[in-house]
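*Asks:* Letter by letter, the chains look like this.
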Amino acid sequence: MANTTGWKPSMEQGAGGAGGEARPGTGGAVRGLAYEEKLIFEHAGGGRTGVSLPAPTGAWDPAKDLPAGLLRGEVEGLPSLAELDVVRHFTRLSVWNHGIDTGFYPLGSCTMKYNPKSSEALARLPGFAAAHPLLPAEMCQGSLELMYRLERALSEISGFAGTTIAPAAGAHGELCGVMMIRAYHVARGNARKKVLIPDTAHGTNPASAAFNGYKIVEVKSGPDGRLHPDAVRAAMDEDVAAIMITNPNTLGVFESDIGAIAEVVHAKGGLVYGDGANLNALLGVARPGDMGFDVMQFNLHKTFATPHGGGGPGSGPVAVKEALLPFLPLPVVVREGSAYRLITDPRERPRTVGRLREFHGNFGMMVRAWALIRELGPEGLRRSAELAVLNANYVRARLQDAYHLPYATDSLHEVVFTDKLQKAAGVSTMDVAKALIDEGFHPPTVYFPLVVAGALMIEPTETESKETLDAFVEGMRAIAARAAADPDALHAAPVKPVRARLDETRAARKPILRWTPGMTLE
Amino acid sequence: MRYHPHTPDDVRRMLDAVGAPDVETLFRSIPAPLRLRRPLDVPPAIDEIGLFAELGRLAAANRVEHPPFLGAGAYPHHVPPAVDQLLLRGEFFTAYTPYQPEVSQGTLQALFEWQTFVTLLTGLEVANASMYDGATAMAEAALMATRLTDRRKIVVSAAVHPDYRAVLATYLASTGDEIVTVPWGADGRTDLAALERAVDGATAAVIVGYPNFFGVVDALPEAAALARKAGAVAVSVTSEAVAFGLLEAPGKLGADVAVGTMQSFGAGLAFGGPAAGFLALRQEQVRQMPGRVCGATVDKQGRRGFVLTLSTREQHIRRERATSNICTNAGLMALAATIHLSLLGRRGLAQLARVNFERARMLRDAMGRAGFAPTFSGPAFNELAFEVGDAAAVVARLAKKGIAAGAPLSRWFPEPRFRGSLLCAATELHSPELIELFARSVRG
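For the record, the sequence lines run as chains A and B. With the first letter of the first sequence counted as 1, position 277 gets the number 277 in the working numbering; the numbers rise by one all the way through. The number in the working numbering is simply the position in the second sequence, starting from 1, with 522 added.
Treat the hints as calculated values from the structure; they're not laboratory data. Being a predicted model, the structure only gives us computed values, none of them experimental. Glycine included, every Cβ here is placed at the ideal spot set by N, Cα and C. A couple of the hints might just be wrong.
Cut-off 30 Å, straight-line C-alpha distance, at most; resulting in silico cross-link-like pairs (DSS-like, lysine-lysine) [unchecked claim]:
no., chain 1, residue 1, chain 2, residue 2
1, A, K321, A, K193
2, B, K923, A, K510
3, A, K38, B, K774
With the Cβ distance kept under 8 Å, some of the chain B side facing chain A (calculated, not the full set) [stated by the list, open to error]:
no., residue
4, R550
5, I552
6, A554
7, L694
8, F879
Please work from the sequences and hints to get the whole structure.
*Replies:* What follows is the structure in structure tokens.
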């Protein structure tokens, strides 16, 4: 392992050379002052602490009050560091990351739009941040009103009768949605056995349906990247509980036969589930509830700009049509006169699917999402969709001669290219992705959707300027040019981050999942 | 609009490049009957000053002037400002799941550190990269136990948080697995005789709280031994992770799996979320583990680095045969807990736990002087139930003074005998003076 002493700055040689100026067509990555940083457990310490706390009085002896075998002393292995040591450690780790705040982050289907600083400040208002979830209703009217208003707004934006804001993430919302679908069928005497899922779907869709005991039947999309009513009709029977459709789908293509597909499914008593991962394309333009969907989950951490936080927390509200309202999970926030209250007792909602998580949902995410909806208003929401779609189409127009476009069908908020043109020179999607890192961009989503070999799925979002898109396009075009001229250079990428390509096979074969004293990778 | 950088000139030039006459044309793939032909019926746009005024008004409508005497799954604790200031580094909070490890080493190394902290606190060998919360972590642990044992019966103590048990029931509603609930005794601990009767060769998991919902340090070693004898997975559940600074690690007491929430470290209350759920287990169970996990490896130049690994268990590879459907989890909250635990360190964690233990004794003694006895005789960490006559009435009366008095057990247990029981937590935020004032206020 290099540089085990840590603390040593490494100067990266940048694309702009010694002058340090970014050449046109890059994300601005030039050179950086980066530090090797040990694990927090590897820092020498001993006797230090980074907190200021009241001293114990010693008036009560745990050994007299608690069973002897259940007491422990100080936890072996924990660090002993002063506050500055800890602050420096995590500050150094932070600069090894690329975030939206660092640069362009066109990760398809993840909707990496700017996360407003206002939202962060508002979520931290003491009235919100210090509120216990079990406060008596009269002490938390502010939180309850916000939840109620957000619930109403999400129902309006999506075109449904009601929404639960409890689910903790998109996949949790899917789980919740399929549970409600199952409860609906059970209430009609038959849970049914199968769920139809198009081949372009996220992996969470089949996993969420299987979690509820359903058998998955895959439906193939057509040569235009869309799902066709005939394919659905062929798979549809009275054992099918639902079809799960992402619209626009993961190719960025609108399922324009959604109305006919919904008719096919409804005719046999099935329901239509909408994965709202790509709702950003539709804000104020069209509503899933008006297209035949019966249930849909939102991802507040995509469409409504709550931060992804390096892997959560998310928030995955689920909207439903009238017929499914009785099955909504607990709690449900209601308004009674001018006061708000949570229904938590199943005796008030006897047909509920039950409780999905502790407390009421990721409230901190609700504050952020509501703040964005308030600042944008109806015109701003619609403008978000329009500019997101404009940005994706602009990237598509400017790259379609340099990268293979597998589907000529219209794109909405994202566009999928492949590595077909680069393959001849032995350059893969992974090489393109890693080369983009050296240009200062986060790579697009790669090798997804699975129906496209070597997919590069690009979602710019509406918060990126034309200049940023132009730089990205130039970067992508430069990589395409280098793929023909110097493929080996691309295999070596990335060279600028603190680490080169990592050995993922080794990580899986010999899993090392925690620090232990004296750990080595030998 | 400050989040939309496009000038009219940009839009025109971009449309020219696309070859579209207007933005409307870009949406032509959406059939006309499906289009929304009116503005959304949401409130009109507001500027930042108005936004802060409006949300400030809502925040101010919550009463938070005193630390609540409420636990029941979420605990009021002091979070050093260093935690939040580091969390606000945009490189952390505006990053996605670390799919591209070379530009995500900060997130990944911090996750590796989180996993290490969880294993150190729980005394187990492996922890995943976080769960949504404690309740879903427990439900996923039960499902994992059914896969590990190929058995269908989950035995759970009634002294486990009732909301966690409700989530378990929700998750298992369609699986056909059976849930058997075992009562508690007068000391508030799981009734071991009843537990012994319930656990048999069909039992996949035995689940007890540690401390349990009533704040009582439950009989984890005995419960784990019963599980082991029957070949079942022993699961311990912890909502108040500060207890790990005073109480022996569940893994050392026989638990095979430890789950719960690290809300007490770095998350704050936030009206119940987000916080990071945790799930820790033994090495031999790792292939059935739900969720993401980070592992150490090397890069092309032989330098240590970190990646997400063992992903063949997960939904994006295995789809309907995945160990769970979980994808996004609670990464930033795991980072918050990691920073807070790093600041606390060995000495700070022990001190924090000791102060919490003492404040609960102060509360017990003050309530005793005010005439209120504990509901349960079993040993407590930082939370106790008291008999206060009419608990809901006490809560309503103190709410008028801006004091959150605790959780009436009748919220979860409608039987008349719980009418008087009030579950109260005391932490380092509850000064001795506030505790005295509280006990006197409960008396009225």
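*Asks:* Indicate, hint by hint, whether the structure satisfies it.
*Replies:* For each hint, the structure was consulted:
1. A/K321 - A/K193: Since the Cα atoms of A/K321 and A/K193 sit roughly 22 Å apart, the hinted pair holds (cutoff 30 Å).
2. B/K923 - A/K510: violated, 58 Å
3. A/K38 - B/K774: holds, 28 Å
4. R550: holds, 7 Å
5. I552: With a minimum Cβ separation of about 5 Å from chain A (threshold 8 Å), the hint on B/I552 holds.
6. A554: violated, 10 Å
7. L694: violated, 10 Å
8. F879: holds, 6 Å
Checked against the numbered hints listed earlier, the structure breaks hints 2, 6 and 7; every other hint is satisfied.
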